[in-house]
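Student: Residue-level listing of the chains:
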Amino acid sequence: MENKETILQELKQISEVVANAPKGNVYTVPSAYFENFPSSILARIHSEIADFGSKTAPFGVPTGYFEGLANNILSKIKQHEQTVEEELNELAPLLNTISKKPVYAVPEGYFESLEITIPLKVANPPAKVLSFGMPKRILQYAVAACTVGILMVGAYFYMGRNSDSTGELASTIPYDSAMKMDVTKELAKMDDQAIDQYLSETPITGYIINNISAEEVDDQQMINTASEEDINEYLNETANPSEGKSGS
Amino acid sequence: MHLDDKELLHQFKQPETKEKAFTSIIKKYQEKLYWHVRRMVVDHDDANDVLQNVFIKVWKGLENFREDSQLYTWLYRIATNESLTFLDQQKRRSSVSMDEVESGLSNKIKADEGFDAQKLEWKLQLAIQQLPDKQRAVFTLRYYDEMPYEEMSRVLETSEGALKASYHHAVKKIEDFIRNH
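One line per chain: the protein sequences are A and B, in this order. When you line the first sequence up against our numbering, it's residues 328 to 575, in that order. When you line the second sequence up against our numbering, it's residues 184 to 364, in that order.
Please note that a few of the clues may not be correct.
[To be verified] Calculated pairs, DSS-like style, for lysine-lysine (alpha carbon to alpha carbon, straight line, at most 25 Å):
(1) A:350 with B:293
(2) A:350 with B:243
(3) B:243 with B:215
(4) B:317 with A:331
[Stated by the list, open to error] Now the stretches of chain B that chain A is said to cover, found in silico as 3 or more residues with beta-carbon under 8 Å:
(5) 190–203
(6) 337–345
[Said to hold, decoys possible] Computed footprint of chain B on chain A, listed as stretches where at least three residues anywhere in the stretch have a Cβ under 8 Å from a Cβ of chain B:
(7) 331–338
(8) 368–376
(9) 513–525
These aren't lab readings, by the way, just hints derived from the structure by calculation. Ideal Cβ positions, reconstructed from N, Cα and C, are used throughout, including at glycine.
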């Protein structure tokens with residue numbers, strides 16, 4: 328809570344009159360109000376929880392209300408339903424007095440002949456003709472899309488044949504020649520210095536330790552070339568749990 | 184001696200100590216909140232109704248209360264909002280103007296059995312009731328509850344600058360009222 332003195336000083340700066348007004352409480356509270364307040368709140372909460380938990384509706388319903396509800400609704404609907412005659416009586420009673428018998432003549436035997444001809448027409452309905460004519464603009468777009476697709480597929484295969492694993496074009500050795508190459512002979516032709524430089528630049532120790540079996544590796548050479556960290560990692564990975572037990 | 188808020192909140196979240204912790208929270212804050220509400224709505228019965236609603240809301244919301252704000256601030260915010268809502272409802276229900284509601288509050292003060300028009304403290308109460316509702320909340324929170332502006336800005340969700348200006352205007356209005364009555 329902020330310092331009382333600070334608040335008083337602030338008030339004095341704004342208004343001496345208000346600052347000097349007595350701050351005492353003028354209102355009264357019924358006796359034992361605060362003592363009883365927590366229990367009255369809890370009682371209210373309990374009653375709310377009980378009402379909520381019981382799920383009973385707080386409203387009363389007249390006896391037999393639901394039993395007769397459907398019939399009541401139907402009778403009300405019927406009350407509001409008018410026959411055509413009733414409706415016409417309200418709107419134009421004169422029309423109800425006129426006969427509804429048709430006044431127009433029909434050729435003799437028309438309805439009889441109609442009964443024969445209609446089923447024939449229904450049995451063999453003429454096939455619906457669908458036009459294959461595509462709008463000219465859609466056709467143009469389709470041709471353009473096909474052309475682009477063919478060019479992209481061609482480019483993909485061309486690049487794939489002439490690229491190495493990193494996707495760069497192999498500029499010195501064609502793909503077919505590389506497949507037929509005798510690697511041992513080619514290595515013999517290479518300068519020792521170039522091989523040393525390649526080996527020194529390429530991190531191979533981790534790969535050797537992880538991927539080559541112990542029989543394939545000259546132990547002494549591995550110890551000479553591998554770092555202490557690599558050796559520790561290798562020992563941890565290949566440690567035989569039974570060794571630890573026997574040693575203890 | 185009241186328990187620490189953190190401990191009370193922890194106890195509230197345990198089913199076996201929930202009610203005990205809630206009772207402790209009520210006991211700890213009931214008087215502060217009551218007087219804050221009472222100064223807003225004046226009448227004891229109204230204050231009691233509002234305070235009950237405040238604690239019912241606290242019961243319902245305390246489970247999800249995020250402890251990144253203080254319990255005290257949160258309680259004051261609920262109490263202030265409930266008081267303002269109550270006054271707003273009264274205005275709507277009676278469909279009277281704001282001036283009439285303010286004079287209604289003044290009449291309630293005058294109807295108090297201890298009211299003495301000559302006493303400055305009663306004049307001060309009448310002056311406070313002339314203030315618009317939210318300004319009255321700002322004044323009472325600062326003057327009576329001695330709340331820092333920073334805290335008040337969280338309670339009323341208003342900037343500190345606006346609260347300082349509001350308090351300044353409120354004090355000036357009260358001063359004018361006391362001088363002229």
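Student: Confirm or reject each hint.
Tutor: Hint by hint, here is what the structure shows:
1. A C-alpha spacing of about 18 Å is found between residue 350 of chain A and residue 293 of chain B, which places the hinted pair at or below 25 Å, so the restraint holds.
2. The hinted pair formed by residue 350 of chain A and residue 243 of chain B fails the criterion: a straight-line CA distance of about 35 Å is larger than 25 Å.
3. Of the pairs offered as hints, the one joining residue 243 of chain B and residue 215 of chain B holds, with about 20 Å between alpha carbons and a cut-off of 25 Å not exceeded.
4. The straight-line distance between the Cα atoms of residue 317 of chain B and residue 331 of chain A is roughly 23 Å, inside the 25 Å bound, and the hint therefore holds.
5. Residues of the segment 190–203 of chain B with a Cβ under 8 Å from some Cβ of chain A number 1, which does not satisfy the need for three, so the listed coverage is violated.
6. Only residues whose C-beta sits within less than 8 Å of a C-beta in chain A count toward coverage, and the segment 337–345 of chain B has 0 of them, not enough to reach three; the restraint is violated.
7. Counting residues of the segment 331–338 of chain A whose beta-carbon sits less than 8 Å from any beta-carbon of chain B gives 3, enough to reach three: the coverage restraint holds.
8. Only residues whose C-beta sits within less than 8 Å of a C-beta in chain B count toward coverage, and the segment 368–376 of chain A has 5 of them, enough to reach three; the restraint holds.
9. Coverage of a stretch by a chain is defined here by at least three residues with a beta carbon nearer than 8 Å to that chain's beta carbons; for the segment 513–525 of chain A and chain B the count is 0, and the condition is violated.
The structure fails to meet hints 2, 5, 6, 9 from the earlier list, while all remaining hints are met.
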